[in-house]
Amino acid sequence: MHVVVCGKVIPDINQLTLRIDPDTKRLHRKDEPHILDPAAAVAVEEALQLVEQHGGSISFVTMGPSDAATGIRTALALISTANIPAAAVHLLGDEFAGSDTLGTAKALAAAIKQLPPFDLIICGTEASDTYAGIVPAQLAWQLGIPPLTFANKVVGVEGNTLTINRQSETGYAVVKADLPALVSVTSGLNEPRNPSLKGIMAARKVDVQTYSASQLGLGPDDVGASAARERVETVGAPEARKAGRILESDGQPDTVWAQQAAKEVADFLASLKVI
Amino acid sequence: MADTIWVYAEVVGGAVTPTTLEMLTKAAEVGTAEAVLLGSAPADAVATLGAYGASKVYRGDDPTFDSYLMLPAIEVVASLLQAHQPAAMLFASSYAGRDVAAGLSAKLDCGAITDVGDFQLSDGNVKATIPALGGSYLATSTFTHAGPRLLLVRPKSFEPKHTGGSAVVEAVPAPADAALRKVQVVDRVDVPVEGPQLDAARAIVSGGRGLKSGEAFHALIPPLAELLGGAVGATRAIVDAGWVPYAMQVGQTGKTVKPDVYIAVGISGAIQHLAGMKQSKAIIAINSDPLAPIFQLSDLGIVGDAAQILPLLIDEIRERK
Ligand SMILES: Cc1cc2nc3c(=O)[nH]c(=O)nc-3n(C[C@H](O)[C@H](O)[C@H](O)COP(=O)(O)OP(=O)(O)OC[C@H]3O[C@@H](n4cnc5c(N)ncnc54)[C@H](O)[C@@H]3O)c2cc1C
Ligand SMILES: Nc1ncnc2c1ncn2[C@@H]1O[C@H](COP(=O)(O)O)[C@@H](O)[C@H]1O
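Keeping their order, the protein sequence lines are chains A and B. Following numbering that gives the first Met the number 0, the residues of the first sequence are numbered contiguously, the last one being 274. Following numbering that gives the first Met the number 0, the residues of the second sequence are numbered contiguously, the last one being 320.
I should point out that these hints are in silico values taken from the structure, not numbers from a laboratory. Quick caveat: nothing in here was measured; it's all calculated off a predicted structure. Careful, some of the hints might be misleading.
Calculated pairs, DSS-like style, for lysine-lysine (alpha carbon to alpha carbon, straight line, at most 30 Å) [unchecked claim]: (1) A/LYS241 / B/LYS280; (2) A/LYS272 / B/LYS257; (3) A/LYS241 / B/LYS211; (4) B/LYS106 / A/LYS152; (5) B/LYS126 / B/LYS155.
Just need the whole structure built from these sequences, with the hints factored in.
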């Protein structure tokens with residue numbers, strides 16, 4: 000089977016405090032170390048497990064600035080580590096900058112149409128930097144394929160039918176659809192493997208296909224800031240919640256402090272009438 | 000209509016969801032609130048929607064809406080939106096809410112603002128307030144194109160108010176098109192959680208990696224929660240580590256909670272966790288690191304070892320009772 004994974008390459012959330020650019024009012028993306036979105040790594044891992052079972056190939060598709068190159072190599076290395084034929088597509092260029100979720104979905108759909116026919120698209124549930132969580136269902140609609148969203152387990156493919164467990168408020172629903180289909184996977188459903196050195200080396204040899212918007216037949220009404228149907232007008236600081244009393248041991252033995260701390264908490268709970 | 004605001008109503012576990020009622024209350028404050036309710040619902044669901052502000056309910060009770068996910072709902076809501084053109088339509092940031100809103104935005108080529116914490120109507124447009132990046136920023140967003148305006152609203156953004164109104168009902172049939180029956184629900188499985196539900200609890204005791212092990216978590220956190228008549232929460236770190244089920248996760252990708260008191264034990268206070276609990280009325284943190292970010296928004300912070308303090312706290316509360 001041919002599985003397409005859509006994933007984002009994002010500023011490394013563990014290494015920096017995320018900032019919003021005061022001019023563009025967008026997330027600051029330039030000059031920061033970029034990594035494969037952890038949500039995308041989960042999507043890649045799920046693709047690996049399916050292709051290891053059923054055979055086939057994996058294409059990784061991302062839209063993002065030139066910094067995304069590092070994350071693309073990570074995705075390719077993961078695929079190569081599993082000895083699975085890999086391809087990658089990078090939607091690159093200023094025309095894409097400022098796209099909203101719908102513009103992103105249109106761009107991804109246009110790129111996927113350039114690839115050989117696919118059986119399955121795997122997305123993360125939500126990207127780790129913006130958490131919109133709606134691109135996958137928009138993408139499925141653009142491609143006219145069934146969306147199997149919020150999978151916390153991919154139960155399996157039988158014949159032409161894919162079954163997943165869909166996360167719900169009270170548990171899960173067992174949901175199925177015919178291929179080709181799109182699945183979005185929740186973050187905890189697998190533990191992404193680490194790439195091997197051999198995989199990293201093999202990934203370097205894969206050609207990454209880049210597309211500009213115009214190469215995909217997309218114009219300023221489809222993608223980029225001009226096509227975005229929403230505009231951020233102001234960005235401000237929220238009313239800060241003030242820190243209250245922070246109590247620390249003044250050098251007494253730990254057990255004495257622990258006893259006093261317990262009393263402080265109990266007193267506070269009593270003042271709130273919780274006890 | 001210029002000031003009509005629609006709410007996509009949801010039923011979970013046999014009851015209209017709290018977020019539906021929160022959104023209806025807000026919609027009725029801003030303009031005329033109407034609801035769309037599709038799929039099976041309790042007998043009093045329409046009355047409940049009316050009591051929280053809906054003056055009209057578009058009701059589709061065909062089993063198709065339960066057996067086949069999103070596509071039939073998207074089809075029906077799309078034609079209703081085009082026929083009635085409300086000023087905006089509100090969806091909960093839930094599984095169903097996100098899917099239906101996403102499908103509508105693609106089908107109708109219209110905008111969707113996500114993660115909305117508040118909104119206003121002005122000059123026929125919507126001005127939405129978004130607590131971005133876990134609430135470290137407050138952004139305002141608006142729509143730039145004509146067409147339906149979809150808002151995905153964070154749970155607990157508004158206080159639900161029972162105003163005692165009632166709603167007229169307009170029945171909507173399920174679409175006949177077989178091509179919309181693509182995503183089939185084969186089974187629904189409830190995973191029971193013991194004790195009070197997180198989103199309704201007045202007190203929540205949450206634990207994080209600072210508890211050091213699943214055993215320590217289970218020995219200390221549920222007993223304290225039980226003493227307070229509260230619910231048990233967790234960080235994603237310990238959900239991922241397999242100490243507790245996902246249903247307990249509080250945060251951006253878990254539950255949003257707003258209890259009277261939230262006790263964070265061994266939790267660092269990552270923005271993704273704060274996003275789910277920073278609206279709590281009072282926050283108590285116990286953490287061994289005086290620089291832990293959680294202290295920056297705690298009403299009472301205790302710098303110390305959770306493993307030593309919690310057993311003493313449990314004893315102390317038992318004695319006082
Ligand atoms: C896309 C995305 C979504 C996410 N969504 C969520 C979400 O919904 N909810 C969520 O919680 N997280 C979420 N996270 C994860 C989040 O970034 C943090 O990794 C997580 O919240 C950290 O959990 P923690 O506080 O238990 O662990 P840590 O950050 O490891 O903190 C442990 C704390 O325990 C303290 N400690 C250590 N020993 C003791 C002791 N003896 N006594 C007292 N304190 C002690 C330490 O000082 C430290 O502050 C998300 C991350 C991403 C990327
Ligand atoms: N720029 C992008 N490039 C590739 N995939 C994306 C992009 N943006 C979103 N996605 C996909 O859509 C999912 C959800 O993203 P979002 O709706 O932005 O939270 C991600 O996990 C990806 O699978």
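Results of checking the hints against the structure:
| no. | hint | verdict |
| --- | --- | --- |
| 1 | A/LYS241 / B/LYS280 | 12 Å, holds |
| 2 | A/LYS272 / B/LYS257 | 17 Å, holds |
| 3 | A/LYS241 / B/LYS211 | 29 Å, holds |
| 4 | B/LYS106 / A/LYS152 | 28 Å, holds |
| 5 | B/LYS126 / B/LYS155 | 19 Å, holds |
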